[in-house]
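Trainee: Sequence:
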Amino acid sequence: AKSCTYNDPQTLTCTLNPGEKFSNGDALPSSDVKYSFERAIKIQDANGAAIYLLGSITTTAKNGTVTLNKGSIETPDDTTVIFHLDLDSFFVSCERLLDPGLIGIPAAVGGVLGHGVIASASYEARKFGVRSAMPTVQALRLCPRLKIVRPTRGLYSGKSREVFEVVGRFAPTVEKVSVDEAYLDMRGTESLFGPPESAAEKIRSAVFSETGLTCSIGIAANRRVAKIATDFRKPNGQTFVPPGTEAEFLA
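Quick note, our numbering runs 9 ahead of the 1-based positions in the sequence shown.
Hints were generated in silico from the structure; no laboratory data involved.
Every residue, glycine too, gets a C-beta built ideally from N, C-alpha and C.
Take these hints with a grain of salt, some might be off.
[Claimed, not checked] Derived CB-CB ranges, DEER-like:
#1 182 / 126: 31 to 39 Å
#2 241 / 185: 17 to 25 Å
#3 89 / 153: 42 to 50 Å
#4 244 / 89: 23 to 31 Å
#5 153 / 207: 20 to 28 Å
#6 161 / 203: 33 to 41 Å
#7 207 / 174: 30 to 38 Å
#8 206 / 163: 18 to 26 Å
Modelling step: build the complete structure from the supplied sequences, incorporating the hints.
Mentor: Next up, the structure:
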């Protein structure tokens with residue numbers, strides 16, 4: 010519908026012009042029209058609370074106006090579900106897509122010998138103590154077999170866009186905080202993607218199958234705990250901290 014207004018906490022009204030069609034091709038007028046949403050759509054009600062439209066909704070069309078009753082709208086509970094998503098050794102992983110010979114060996118993206126710093130280190134290199142922001146000379150002392158790769162211009166921003174296009178299909182709200190990291194507000198999506206752990210598995214699987222990259226996800230009721238949880242099963246893993254268990258998890 011071209012024009013949709015959320016009038017009050019009871020109804021969302023979408024008004025169409027004569028002959029205008031719904032996204033599924035059903036033209037007005039019609040006695041029953043099924044209006045499907047590909048993802049959760051967040052709408053603010055009169056009090057500023059978030060209402061989520063989920064799945065397929067059957068409505069009644071009269072005189073070019075479609076009204077979705079409250080019974081067709083799912084209101085999430087008060088439990089906040091935050092995913093912290095972090096791509097695994099992102100720069101190195103991108104370079105491995107171009108050069109599979111880098112897979113399984115200590116590798117890093119960064120400055121050449123004699124100057125520069127490490128921008129990203131593979132998990133094989135991290136076993137030797139190599140870390141991001143470390144001078145290249147120091148990294149090579151720790152790991153003489155370290156393969157240093159120069160950054161490929163434009164590669165990382167392009168792969169980042171691919172990843173977050175995938176992620177955007179699952180999360181109503183995606184707050185990207187860097188090229189390889191984001192917070193996802195997953196409230197109201199359980200009927201679409203299942204409970205948090207199942208949703209995280211779906212996201213990680215979709216990201217890998219469509220981009221070739223792996224990511225790790227931490228799940229909690231707040232950002233701080235979710236970010237800490239992400240590191241527990243890196244790379245290519247996920248950790249769920251159920252609400253009410255945060256103190257025990259952080260102890």
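Trainee: Range hint 33 to 41 Å: satisfied by the CB atoms of residue 161 and residue 203?
Mentor: At roughly 37 Å between Cβ atoms, residue 203 and residue 161 fall inside 33 to 41 Å, so the hint holds.
Trainee: Mind checking the hinted window 31 to 39 Å against the Cβ distance between residue 182 and residue 126?
Mentor: Distance hint for residue 182, residue 126 holds at roughly 34 Å.
Trainee: Please check whether residue 153 and residue 207 have a Cβ separation lying inside 20 to 28 Å.
Mentor: Because 44 Å falls outside the window, the suggested range is violated.
Trainee: Taking the beta carbons of residue 244 and residue 89, is their distance inside 23 to 31 Å?
Mentor: holds (26 Å)
Trainee: Taking the CB of residue 207 and the CB of residue 174, does the distance hold inside 30 to 38 Å?
Mentor: violated (21 Å)
Trainee: With respect to the beta-carbon atoms only, verify the hint that residue 89 and residue 153 lie 42 to 50 Å apart.
Mentor: Holds: the Cβ-Cβ distance is about 47 Å, inside 42 to 50 Å.
Trainee: At the C-beta level, are residue 241 and residue 185 separated by a distance inside 17 to 25 Å?
Mentor: holds (22 Å)
Trainee: I want to verify a distance hint. Is the separation of the beta carbons of residue 206 and residue 163 within 18 to 26 Å?
Mentor: With Cβ atoms ~35 Å apart, the hint is violated.
In terms of the numbered hints stated before, the structure departs from hints 5, 7 and 8, listed from lowest to highest.
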